[in-house]
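As they're listed, the protein sequences go chains A and B.
Position in the first sequence (from 1) plus 865 gives the number in this note's numbering.
Position in the second sequence (from 1) plus 865 gives the number in this note's numbering.
Among the hints, erroneous ones may be present.
The list treats identical chains as interchangeable, and a pair is accepted whether it falls inside one copy or across any two copies.
No more than 35 Å apart at the CA atoms, straight line, and that leaves these computed lysine-lysine pairs for DSBU-like [unchecked claim]: (1) Lys992 to Lys1095; (2) Lys907 to Lys1156; (3) Lys1154 to Lys907; (4) Lys901 to Lys1154; (5) Lys1158 to Lys1139; (6) Lys907 to Lys995; (7) Lys995 to Lys969; (8) Lys1095 to Lys1062; (9) Lys969 to Lys1084; (10) Lys1156 to Lys995; (11) Lys1062 to Lys1165; (12) Lys918 to Lys1156; (13) Lys992 to Lys890; (14) Lys1062 to Lys1158.
No wet-lab data here; the hints were simulated from the structure.
Residues per chain are reported as follows:
2 protein chains.
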Amino acid sequence: MNQVAIGIDIGGTNTVFGFINREGKCLVEDSIPTQKHGEIEKYLEELFSEIDKHIACFGPDLEIVGIGIGAPNGNFYNGTIEHAGNLRWDGVIPLAQMVEDHFKVPTFLTNDANAAAIGEMIYGGAKGMKNFMVITLGTGLGSGIVVNGELLYGHDGFAGEVGHMLVRPGGRHCGCGRRGCLETYVSATGVKRTAQKLMAKYREESVLRDVPFNQLNAKLVNDAATGGDKIAIETFEYTGQMLGLALANAVAVTNPEAIFLFGGLAKAGDLIFKPTQHHMEENMLNIFKNKVKLLPSGLKSNAAILGASALVWKELENDEKFLNKTINHA
Amino acid sequence: MNQVAIGIDIGGTNTVFGFINREGKCLVEDSIPTQKHGEIEKYLEELFSEIDKHIACFGPDLEIVGIGIGAPNGNFYNGTIEHAGNLRWDGVIPLAQMVEDHFKVPTFLTNDANAAAIGEMIYGGAKGMKNFMVITLGTGLGSGIVVNGELLYGHDGFAGEVGHMLVRPGGRHCGCGRRGCLETYVSATGVKRTAQKLMAKYREESVLRDVPFNQLNAKLVNDAATGGDKIAIETFEYTGQMLGLALANAVAVTNPEAIFLFGGLAKAGDLIFKPTQHHMEENMLNIFKNKVKLLPSGLKSNAAILGASALVWKELENDEKFLNKTINHA
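One chain only, chain A, in its complex shape:
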């Protein structure tokens, strides 16, 4: 019998899904475009049909224990996607219920950064840790915070919006309508904006000066920095400075054992890790200095769907823990 959890990661471009067993092995992976359909019903029709095909291939040997979904603005408490700016479906979508109605197995939904944190705890570098934080560096900056071994959801299910901490009041305009949010500086988009700003400020030659703003991206800045481009190197230094200060502040609030950097920008390696580590320690309160590990994510491939599927195993584990307690003390 193949016992699996289905992990579904709803991204702005693609929806990726996979069948993951308890050991974190991905038995099958596939995807559909997220934004083809304006109506959520049509989108789900396509998604269900694709998943059902794969289920049929496995035959009766497959047991699906549950489904985990990572989605932008996902609310764990309600199983809803709420007002996700970068998706075509407006308002509040009761997605977990819609998926559960079709597959008839327990379905959990949370935002993508929380899914990444649970993935890190179940399959990645945070195994055995009770207090840690995952920062996802993509188009924006997301965060998943684990406290006492449990994800921090907060009162409304929206905790962990570290990317929307105001670090420069009156600063860069943010998609949320405010100004100076951390993610306007620290994210793939933030890197692009910083590179552009530094080109305006300095006179140094740079290969980036031949790229129009709309074609500029973090990958190009990364490549330029690796080639020794001063503007590009300074861009990462500035990004790390902003991130390091923000992490020192986040540590003062939640005192984690480790912070994991996850996502495209984290793959820049030393370019982002070195300045971040330096400025984090420089700004750290004495009692935390040299105590908090800054680490790359331990999830190597299929990270997003591993995280989503881990939601299921985590909930099961909570059930088991509870049963064990009862047995031991009854």
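Given the structure of chain A, go ahead and fit chain B onto it with the hints provided.
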């Protein structure tokens, strides 16, 4: 039988203790000076002797279920006071163990802001809340954060240092050796510094201009503001602006149901609540706007020792909850 927890609050000036029953009634309260003795042993000798006297007065009808201690730089995990800058005892003091050795009852220790948060949960305005935050506004700014019904201690037991979030890098010098910490702006000391700065900036007459820096305090600024003094009113406006922004950022991380303001400065009422509320909402991320309650502490008198004693009831409650679970599911 009088079942009580002993609450001990170790302040910079006085150590106050009381015998508190489960309903939060204080049966007796007394105090000794904290800083009379340079040696911790002498200090404890005096404290034990005073507490023992009161125990003797009650006779055999008294059952002490435990002792809770709130102390600066108190570490819950280790039961220690660690490098407390404003106490005379240097290094790491295993205080909980020393107290437990004498009284032979379970003894718990945490920092004063955490004790305030637990007091708020057991006896105060946070009854029934699972996610909230207490900000203590005294000489400094402390914070106690409750998440999923449990205090957030973090990996090393030092979570909740909101007062040491850097809000103005390179700004005011802080006792921690860094610059720009929130508590250099938002605290009784912060109010004094702001008043001084505004007197330097503006030309308006103010009763505060006749007070030397060393005699200036938050109470005088409060009285002046109540009397319509513009410098004093602007001082509270600025303090609320800094606090409101910081709270909006803290909400983005932990998404609490409510934030309680506790301590001397919170007694300034509208003077501090109105600007704080205004700037908190103004800087709040959309999904949190008009959702988080800003409230005065619900602990009216004996707040510090109530909080310390609540540590004991909280631990007992956890035990009971656990037992109930076992019984229901066995």
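We went through each hint and held it up to the structure:
Within a single copy, Lys992 and Lys1095 get their C-alpha atoms no closer than 39 Å, and across copies no closer than 56 Å, so neither meets the 35 Å cut-off. Proximity of Lys907 to Lys1156 under the C-alpha cut-off of 35 Å is restricted to the inter-copy arrangement: shortest distance 34 Å between copies versus 50 Å within a copy. For the homomeric pair Lys1154 and Lys907, the shortest alpha-carbon distance between copies (33 Å) is at most 35 Å, but the shortest distance inside one copy (52 Å) is not. For a Cα distance limit of 35 Å, the shortest separation of Lys901 from Lys1154 across copies, 32 Å, qualifies, whereas the shortest one inside one copy, 49 Å, does not.
Taking identical chains as interchangeable, the C-alpha atoms of Lys1158 and Lys1139 lie at most 35 Å apart only when both belong to the same chain, with a minimum of 13 Å there against 40 Å between chains. For the homomeric pair Lys907 and Lys995, neither the shortest alpha-carbon distance inside one copy (40 Å) nor that between copies (39 Å) is at most 35 Å. Taking the closest pair of Cα atoms, Lys995 and Lys969 come within 35 Å of each other both inside a single copy (32 Å) and across two copies (31 Å). Taking the shortest alpha-carbon separations for Lys1095 and Lys1062, only the intra-copy value of 13 Å comes in at or below 35 Å, while the best inter-copy value is 41 Å.
Proximity of Lys969 and Lys1084 under a CA criterion of 35 Å is satisfied in neither setting, with 42 Å inside one chain copy and 63 Å between copies. Taking identical chains as interchangeable, the C-alpha atoms of Lys1156 and Lys995 lie at most 35 Å apart whether they share a chain (15 Å) or sit on different chains (29 Å). Proximity of Lys1062 and Lys1165 under a CA criterion of 35 Å is satisfied intra-copy only: 33 Å inside one chain copy versus 53 Å between copies. When the C-alpha separation of Lys918 and Lys1156 is checked against a cutoff of 35 Å, the pair qualifies neither within a copy, at 49 Å, nor between copies, at 44 Å.
Only within a single protomer do Lys992 and Lys890 lie at most 35 Å apart by alpha-carbon distance; the minimum there is 16 Å, versus 44 Å between protomers. In this assembly of identical chains, Lys1062 and Lys1158 lie within 35 Å of each other by CA distance solely inside one copy; the values are 31 Å within and 39 Å between copies.
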